[in-house]
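Chemist: Single-letter residue listing:
Number of protein chains: 2
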Amino acid sequence: MTERTVFHLTEKEMPDAWYNIQADLKTPMLPPLHPGTGNPITLEDMLPLFPKSLVEQEMSAERWVSIPGEVIDIYKLWRPSPLIRATALEKALDTPARIYFKYEGVSPTGSHKPNSDVPQAYYNKKEGVRRITTETGAGQWGSSLAFACQHFDIECLVYMVKVSYNQKPYRKNMMELFDARVVASPSDETDAGRKILAEHPDSPGSLGIAISEAIEQAVKDENTKYSLGSVLNFVVLHQTIIGLETEKQLALAGEKPDVMLASFGGGSNFGGFVLPFVKRKIDGESIRFVAVEPASCPTLTRGAFAYDFGDTIGMTPLMPMHTLGHDFVPSPIHAGGLRYHGAAPIISHLRNQNLIEAVAMKQTDCFASAVMFAKLQGIIPAPESTHAVHGAVKEALRCKEEGKSEVIVFNLSGHGHLDMSAYEAYLSGKLLDGEFSEAELQKNLANIKII
Amino acid sequence: MTERTVFHLTEKEMPDAWYNIQADLKTPMLPPLHPGTGNPITLEDMLPLFPKSLVEQEMSAERWVSIPGEVIDIYKLWRPSPLIRATALEKALDTPARIYFKYEGVSPTGSHKPNSDVPQAYYNKKEGVRRITTETGAGQWGSSLAFACQHFDIECLVYMVKVSYNQKPYRKNMMELFDARVVASPSDETDAGRKILAEHPDSPGSLGIAISEAIEQAVKDENTKYSLGSVLNFVVLHQTIIGLETEKQLALAGEKPDVMLASFGGGSNFGGFVLPFVKRKIDGESIRFVAVEPASCPTLTRGAFAYDFGDTIGMTPLMPMHTLGHDFVPSPIHAGGLRYHGAAPIISHLRNQNLIEAVAMKQTDCFASAVMFAKLQGIIPAPESTHAVHGAVKEALRCKEEGKSEVIVFNLSGHGHLDMSAYEAYLSGKLLDGEFSEAELQKNLANIKII
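Going line by line, the protein sequences match chains Y and V. Per my numbering, numbering of the first sequence is gapless, rising by one per residue and ending at 451. Per my numbering, numbering of the second sequence is gapless, rising by one per residue and ending at 451.
These aren't lab readings, by the way, just hints derived from the structure by calculation. No residue lacks a Cβ here, since even glycine has one placed at the ideal position from N, Cα and C. Some clues are possibly wrong.
As the list claims (entries may be wrong) - Distance windows between CB atoms, simulated:
| hint | chain 1 | residue 1 | chain 2 | residue 2 | range |
| --- | --- | --- | --- | --- | --- |
| 1 | Y | S428 | V | E44 | 38 to 46 angstroms |
| 2 | V | K400 | Y | G254 | 21 to 29 angstroms |
| 3 | V | M59 | Y | A92 | 36 to 44 angstroms |
| 4 | V | S60 | Y | P96 | 37 to 45 angstroms |
| 5 | Y | G254 | V | D45 | 51 to 59 angstroms |
| 6 | V | K52 | Y | D94 | 33 to 41 angstroms |
| 7 | Y | E435 | V | L397 | 54 to 62 angstroms |
| 8 | V | L397 | Y | K430 | 45 to 53 angstroms |
| 9 | V | P201 | Y | E13 | 57 to 65 angstroms |
| 10 | Y | N166 | V | L432 | 22 to 30 angstroms |
| 11 | Y | E11 | V | M59 | 43 to 51 angstroms |
| 12 | Y | R280 | V | A17 | 43 to 51 angstroms |
| 13 | Y | D73 | V | K248 | 20 to 28 angstroms |
| 14 | V | A92 | Y | N166 | 53 to 61 angstroms |
Working from the sequences, and respecting the hints, build out all of it.
Modeler: If you want it as C-alpha cells, here you go:
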C-alpha cells in the first residue's frame, strides 16, 4: 500500500461559495404553503422564525452564494475536511471497486452539522438576535449550534429528543461545555410539550415534537429565533461545501465517481454531499446517488409525497415532501439524527425526477458494517453514518459480483465517540432494529394532502 | 485571518525511521538493574516479558531505527497528524506569542498511544506471540493496544485502573469493539490483584498495580507477552514520529520553536514530541522543553531520582528514574494517564542533565484552560492533554507580560470525547484537584534506593 490514500486541500483551496441547485433545476420545485391560507409562503411569513438573510437564501435562485469571511474563518478550524481512500476495506471485501469516503467527523462536534450552524449563528448575530432555539436528535445538531452560538455570543436553548437525552449524556455535557441550556423533549416548558405529555406521558420524543417546542419559544419572544438542522433549502445549501470539496479532491485523486452514498435523515448531509454532482447528472453525466435511510423510518422509500407539516404539532408551513406523516414517532433507534418523518423538499423533488435513489437498511446490519469499518480503517462511525458505510459495503459487494471496478464515494458524516453505548448494545446483542408498521403509516397519511 | 493555520504533510513525507537519542547523549544513562542480583539487566532477563526485537530496541544505541512497512501502512490510517496554529487562542489571550499545536487526537483511538501499540503488536506477531496483556489508566493505551492487536490477529487482555473503569465506560466499550477483554484492576484474577484487595478492598487502583497484574499474566504463560505504554526506551522511541513530523511542519511554517510543552505522565508523549529537538539543544541551539505534570502526581518536580520498581508489587527491573515511590497511589484525578509514580528513565536523565524543565499544575486550572481552548479552537482536549494546554497558555501570558513574540509549540496528545464526564464535573464545580501528601512521599521513598 504505497499509493496515496488521503487527499487534503489547503485552506486556500476551500470553496468560497455554496452551490444552489435551484439555478440548475429543469423542473422547479413546488412552493411551501401557508397552512391557514393555502397560498405559497412569503418571505414575511418566515421572518418570525428566521433572520431575513436566511429566508432570502431559502428562496434564492442564484447559483452561487458567497460564504462570509467570518464564517470561513471558523470553517478553517476544521475545513477542508479530508477525502480518504478506504484501501483496507477494499482489500477485506476483495472488491474490484475503489472506495473513497469524505470524513466530516473532524469538525469540533464530530459531524457535518457545524457547516450550517456556523452561518446560521452568524446571520442571526448580524441581525441582532439574542437567543436561538433548536431541536436535536442524537445531539449532533444541538452541540454544533451551541459551538456556533458561543462563538458569536448568542444564547442557545436546545430541546433534545428524550430517548437521546437519556442514551447520550456526553452529548448533553458537550452542549453545556459550549454554554447551551439543554432540555429533554417533550418537556413541560412549552404548550406543545405539555400537550404531548398529557396524551403520552412516556413519549420517547421525536424530532417533530422537539421542533414544535423550539418553534414555540421563538414565536413567543421577539429576541429569539429558531434554527433548523436539516430539511430547508438554506441548510442543504450550506452543506454543499462538503460536495464542492469532494469534487476538488476526487479530481486530485484522478477519479470520476460512479456511485455516491450518504445516510439520510432530513437530507442535509446527503444533499450537501451530492448536489454539486447532481448538477453533472442533469447535464448528462452518468452517476448514481443513493440515500441510505433506516428501515424503521423509511421516509423516501415508503413515505408518500405530500404537503405536510415539518413538526408534529403543525406550526410550520406545509412542505412538499416525502413523509411518513407528521404524527409519526419512529422507533427509538440509536441513529437519532435519522428519526424524522419527512425528507427535505429539494431531495424529495430530485427523487420525483428520478435523479436520486433511496434504500432502507436495518440498524443491526448497519452496525455490523460499521464495526468492520472501524477495525479496518480506524474510524468509529456515528450511528447515523453507519447507514452510509453499510450502503457503500453493499455497493462494493455488488461490484465484486459483477466484476466492476466502479468508484464508490460515501460521506462519513460523523464519528461515534459519543455514541459508544450504541456499540455496546450491538456487541452484546441488545441492539434492536426498531419496528415499522404499515397500518400506522396509512393512519398517519390519512390526515395529510397527498400530491 | 487569511494566513495558513494548518500544516499537513503528505503520506510520502511521513518519517520512515524513529529517532533514538541514545546515540547523541553526551553522558550515558544508568542501566536498569536486576532486583535479585543488583547487576545491570540483560537482554535475556527481559525476554519473558517482551519479544526480542523490542528488547533490542530498548538497548540499542543506533541513531535511527527503520519503521517496518507493515507499521507504516497502519500509521497511514491517521498519520502524518496535523500541526495547527492556534490563532483564535492567540487573539483571545492577546499575546505576541505564536502558538502551534501538534494534534495526535486524529488517531483511531484519539491519542498518541497507537504510535507505539502498532509496532509493539507487529513485533509480537512476528515472533509468534498469541496474547498480549497490558495495563491502562484512562483507557487511551488499552484501547490503542486493542486496535493494534486486532489488526495483527492477537488476543488482547487489558487491566484497567478501577477508578477509570468506572469513570469511563465508553473506553471499555471501545476496547471491546476492538475485541479486547477488559478487567477492572485490582482484580481477583491475579496474585498481585488479590494481595492489594486483601489490604485495600476499596483501592481505586493505579497504573503501578495494573502493571503488576498484566506482568503476572505474561510471566505465567509462554504464549503471552506484556506490553507497556510508556516509560521504556522503545516506547519513547516509537513516539518520536510525533516530533519528527513536527520538525518538518515547523519548517513548512517557517518557524523555529522557543518553547515546547507536553503533558507528562510516564513520559511517552512528552519524549516523543521533544526528543528530536533535544538533539538540537545538545548541539547548542536555545530551546526550552517543559514537561507539565499534575500537582497530585508530581513525579519530576517532587519525586526523588532513585532505583525503583516500575510496578507496585515489584516485578519489574529497578529503573533509574524520578519516582514518588512504587507504593504511591495517586489521587483519582480524571487525567488517569498521568497517574504514574515514575518517570521514563530517559526523561529523568535529561532532567538531571538540565536539558528539560518540569512544572506541576492543578487539575481545575488545567480544565479552565481546556474549556477556553475548546470554545476557541473547536477541539476538546483529553484530561491528560489539558495539562499541555494550560502550560502553553501560561507561557503565552508570560510572553505577553514580557512583550516577547516567542514561538510556543505544544503536543495536544488526545481528544476528550470519551471523557466528557470530567468536563461535566468541572462545569458543575465538582472537579477536585486531588491531594498530595509530603509525609506519604517521604514514607514511600524510605524503602527505595536514592541515587
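Chemist: Take the hints in turn and mark each one as holding or not.
Modeler: Going down the list of hints, with the structure as the test:
{"no.": "1", "hint": "S428/Y x E44/V: 38 to 46 angstroms", "result": "44 angstroms, holds"}
{"no.": "2", "hint": "K400/V x G254/Y: 21 to 29 angstroms", "result": "48 angstroms, violated"}
{"no.": "3", "hint": "M59/V x A92/Y: 36 to 44 angstroms", "result": "37 angstroms, holds"}
{"no.": "4", "hint": "S60/V x P96/Y: 37 to 45 angstroms", "result": "43 angstroms, holds"}
{"no.": "5", "hint": "G254/Y x D45/V: 51 to 59 angstroms", "result": "54 angstroms, holds"}
{"no.": "6", "hint": "K52/V x D94/Y: 33 to 41 angstroms", "result": "34 angstroms, holds"}
{"no.": "7", "hint": "E435/Y x L397/V: 54 to 62 angstroms", "result": "57 angstroms, holds"}
{"no.": "8", "hint": "L397/V x K430/Y: 45 to 53 angstroms", "result": "50 angstroms, holds"}
{"no.": "9", "hint": "P201/V x E13/Y: 57 to 65 angstroms", "result": "60 angstroms, holds"}
{"no.": "10", "hint": "N166/Y x L432/V: 22 to 30 angstroms", "result": "27 angstroms, holds"}
{"no.": "11", "hint": "E11/Y x M59/V: 43 to 51 angstroms", "result": "45 angstroms, holds"}
{"no.": "12", "hint": "R280/Y x A17/V: 43 to 51 angstroms", "result": "45 angstroms, holds"}
{"no.": "13", "hint": "D73/Y x K248/V: 20 to 28 angstroms", "result": "26 angstroms, holds"}
{"no.": "14", "hint": "A92/V x N166/Y: 53 to 61 angstroms", "result": "35 angstroms, violated"}
Comparing the model with each numbered hint stated earlier shows that hints 2 and 14 do not hold.
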